[in-house]
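S.K.: Chain by chain, the residues:
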Amino acid sequence: MRPFKYVRASDAGTAAGAVAANPLAKFLAGGTNILDLMKEDVERPNELVDVTRLKLSEIRQTSGGVSIGALATNTDTANHPLIRNNYPLLTQAIVAGASAQLRNMATNGGNLLQRTRCQYFYDTAMPCNKREPGTGCGAREGLNRIHAIFGWSEKCVATYPGDMANALYALDAVVRVSGAGGRERTIPVNDFHRLPGDTPEKDTNLQHGELIVAIELPKSNFAKNSYYLKVRDRASYAFALVAVAAALELDGGTIRQARVVLGGVAHKPWRSQEAEAALTGKPASEESFRRAAEAALEDAKPLAHNTYKVELGKRAIVRALMRAGRLA
Amino acid sequence: MNDDLDETSEPELTEDEEALLEEMPALTGVGQTRRTFLAGSLGFFALDLLSFEKALAAMSLSPDAVTAAGSAAENLVQVVLKINGETKTLQIDSRVVLLDALRERLELTGSKKGCDQGQCGACTVIVDGRRVLSCLTLAASVEGREVTTIEGLAKGDELHPMQAAFIKYDGFQCGYCTSGQICSAVALLEEARRGDVSHATDDVTATTTRLTDDEIRERMSGNICRCGAYPGIVAAIQEVHSGRETKHTWRFVDEDQLARVRREDASETV
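Chains A and B are the protein sequences, given in the same order.
Taking this note's numbering, I'd label the letters of the first sequence as residues 1 to 328.
Taking this note's numbering, I'd label the letters of the second sequence as residues 1 to 270.
Honestly, I wouldn't trust all of these hints.
[To be verified] Derived pair list, reagent style DMTMM-like, types lysine to aspartate or glutamate, alpha-carbon separation capped at 20 Å:
{"id": "1", "chain 1": "A", "residue 1": "K224", "chain 2": "B", "residue 2": "D203"}
{"id": "2", "chain 1": "B", "residue 1": "K113", "chain 2": "A", "residue 2": "D41"}
{"id": "3", "chain 1": "A", "residue 1": "K26", "chain 2": "B", "residue 2": "E74"}
{"id": "4", "chain 1": "A", "residue 1": "K55", "chain 2": "B", "residue 2": "E143"}
{"id": "5", "chain 1": "A", "residue 1": "K155", "chain 2": "B", "residue 2": "E104"}
{"id": "6", "chain 1": "A", "residue 1": "K224", "chain 2": "B", "residue 2": "E74"}
{"id": "7", "chain 1": "A", "residue 1": "K39", "chain 2": "B", "residue 2": "D203"}
[Unchecked claim] Derived DEER-like restraints, expressed as beta-carbon distance ranges:
{"id": "8", "chain 1": "A", "residue 1": "E286", "chain 2": "B", "residue 2": "D213", "range": "28 to 34 Å"}
{"id": "9", "chain 1": "B", "residue 1": "P161", "chain 2": "A", "residue 2": "Y308", "range": "43 to 49 Å"}
{"id": "10", "chain 1": "B", "residue 1": "T109", "chain 2": "A", "residue 2": "A277", "range": "29 to 35 Å"}
{"id": "11", "chain 1": "B", "residue 1": "Q173", "chain 2": "A", "residue 2": "G197", "range": "49 to 55 Å"}
{"id": "12", "chain 1": "B", "residue 1": "K155", "chain 2": "A", "residue 2": "H208", "range": "36 to 42 Å"}
{"id": "13", "chain 1": "B", "residue 1": "T207", "chain 2": "A", "residue 2": "T62", "range": "21 to 27 Å"}
Treat the hints as calculated values from the structure; they're not laboratory data.
Virtual Cβ for every residue (Gly too), placed ideally from N, Cα, C.
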């Protein structure tokens with residue numbers, strides 16, 4: 001690991017200011033991803049600004065819904081009664097990820113910022129446009145079984161690895177961030193992560209020095225009928241090959257509105273407006289769900305080793321919607 | 001390495017060993033001189049280790065280099081740690097993770113380094129009541145927090161119930177993952193008491209969760225055991241959780257009993 005200066009921040013504005021002032025500085029919260037990447041020499045900050053002592057871990061009811069602090073741990077968020085009762089999809093997504101130890105460390109803000117698990121990104125002996133822009137993509141013509149089937153570019157075929165964000169996309173969450181001097185702005189979570197395009201080194205639309213302070217959840221009508229399904233190489237403690245955050249608002253047997261977000265298939269959680277449109281106004285039935293699944297995967301562009309994700313994605317969508325609709 | 005080794009005498013080294021010794025970096029912090037270490041353990045394993053040490057020395061950014069006493073440290077921070085109820089003040093390089101501070105500086109070697117990147121759970125310790133991975137925790141970041149390691153679980157000679165249950169149910173073979181497994185299991189029971197849910201929980205809106213074997217397996221998935229002692233681990237946790245003791249199905253034999261068994265088998269290798 002390369003040497004770095006360790007600084008502990010006392011408030012959000014100072015923390016943001018310290019990082020903004022140094023292009024090579026990074027925030028440190030749970031550390032579960034950045035320390036790993038620093039040990040692998042993928043991340044090379046020369047300064048870490050420890051934000052874990054900031055008072056940003058509150059989870060509270062707001063007039064519009066629930067606000068979860070950026071520094072609340074994944075464990076505390078998943079188990080908070082406000083989340084379990086009003087947003088069980090979020091609880092399910094969080095506990096589908098990582099291990100108990102990692103969820104105890106990981107914060108909500110950090111979780112949104114976790115980096116891809118593409119093996120070429122992690123291996124500094126390999127080319128990677130995300131790690132070192134201009135070196136090429138090892139995965140495009142290499143081993144790409146775990147890579148994207150949507151939204152990739154010739155520069156990068158990596159996927160976003162997280163679970164929590166898939167649920168946040170389905171729940172129309174908004175990310176509140178604070179810049180130097182405490183200036184705040186909000187970013188709808190759907191616009192938070194980026195597709196790789198020509199700049200895969202940029203995962204998100206955060207500016208350098210901006211600190212996530214909270215995630216706002218609007219009131220939701222999905223609490224009764226939602227389900228998070230994760231398909232992976234082993235039963236626990238592995239990243240998703242395909243994940244589905246499915247949510248339905250039912251009016252009797254009819255779908256008033258729906259959310260279908262796929263994980264493990266793109267550089268960001270992949271909200272399928274095609275599937276949602278195919279579901280709206282239709283009866284909640286396996287037949288409707290199959291049509292939605294076909295619509296969702298129609299434009300998939302698999303790589304050499306991940307064609308399986310197309311069929312797996314369809315089946316996972318049907319299964320998740322069946323569970324959400326309490327039909328299975 | 002070798003308990004019988006007389007540390008005051010100069011061991012005989014071959015020419016090759018002498019050459020290797022000259023190229024070898026100082027094994028400071030390991031608690032042995034290079035010479036006794038070499039003489040006590042030289043063989044294929046030691047030769048492998050030598051080339052490994054050489055490779056490490058060649059890497060100017062070796063993470064181990066920063067934890068070894070006497071090596072050049074950078075960005076020193078003074079940190080006050082509370083470990084197993086004792087307060088320790090350390091001057092450390094900012095890169096030092098809690099696991100290395102425990103093992104290399106505080107002589108608390110119960111916590112183990114397996115993968116060193118958050119994938120195996122061998123380094124699990126409890127911080128402020130929560131199980132965490134000490135390999136991905138900067139020592140500086142836990143200043144003032146209560147750290148409990150495997151060494152802090154027993155009360156003197158009285159084992160923590162989870163330690164005793166792991167012995168009773170044979171919850172280990174080689175033992176390398178065991179301290180992490182036990183710390184994890186102790187914290188797991190507290191999480192279950194709090195009513196925390198898991199991926200194995202059917203209804204996350206329900207207020208109570210029954211700690212089934214499936215729940216235990218899911219909640220322990222962050223601790224890998226390559227020997228595959230999982231059935232014993234689940235049984236041990238289940239017993240401590242439920243308080244229902246099951247009959248011990250095996251016991252240690254003493255020397256006499258062992259000798260008798262050997263005679264009956266007419267075998268030297270029981």
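S.K.: State for each hint whether it applies.
M.R.: Status of each hint after checking the structure:
Straight-line distance between C-alpha atoms of A/K224 and B/D203 comes to about 11 Å, which keeps the hinted pair within the 20 Å bound. Restraint check: the Cα-Cα separation between B/K113 and A/D41 comes to about 19 Å, which is no more than 20 Å; the hinted pair holds. As the CA atoms of A/K26 and B/E74 are separated by approximately 18 Å, the hinted pair is consistent with the 20 Å bound. In summary, the hint linking A/K55 to B/E143 is supported, as the alpha carbons are separated by about 17 Å, within the 20 Å threshold.
Under the criterion of a C-alpha separation no larger than 20 Å, the hint pairing A/K155 with B/E104 is inconsistent with the structure, at around 43 Å. Annotation: proposed proximity of A/K224 to B/E74 is violated, straight-line Cα distance about 54 Å (limit 20 Å). Between A/K39 and B/D203 the alpha-carbon distance is near 38 Å, which puts this suggested pair outside the 20 Å criterion. For A/E286 paired with B/D213, a C-beta distance near 32 Å keeps the hint of 28 to 34 Å intact.
For B/P161 and A/Y308, the hinted distance range of 43 to 49 Å is satisfied, since their beta carbons lie about 46 Å from each other. Checked against the hint of 29 to 35 Å, the pair B/T109 and A/A277 fails, with Cβ atoms roughly 59 Å apart. Taken as a hint, the range 49 to 55 Å holds for the pair B/Q173 and A/G197, whose Cβ atoms sit roughly 50 Å apart. For the hinted restraint 36 to 42 Å between B/K155 and A/H208, the CB-CB distance of approximately 50 Å leaves it violated.
A beta carbon spacing of about 24 Å between B/T207 and A/T62 agrees with the range 21 to 27 Å that was offered as a hint.
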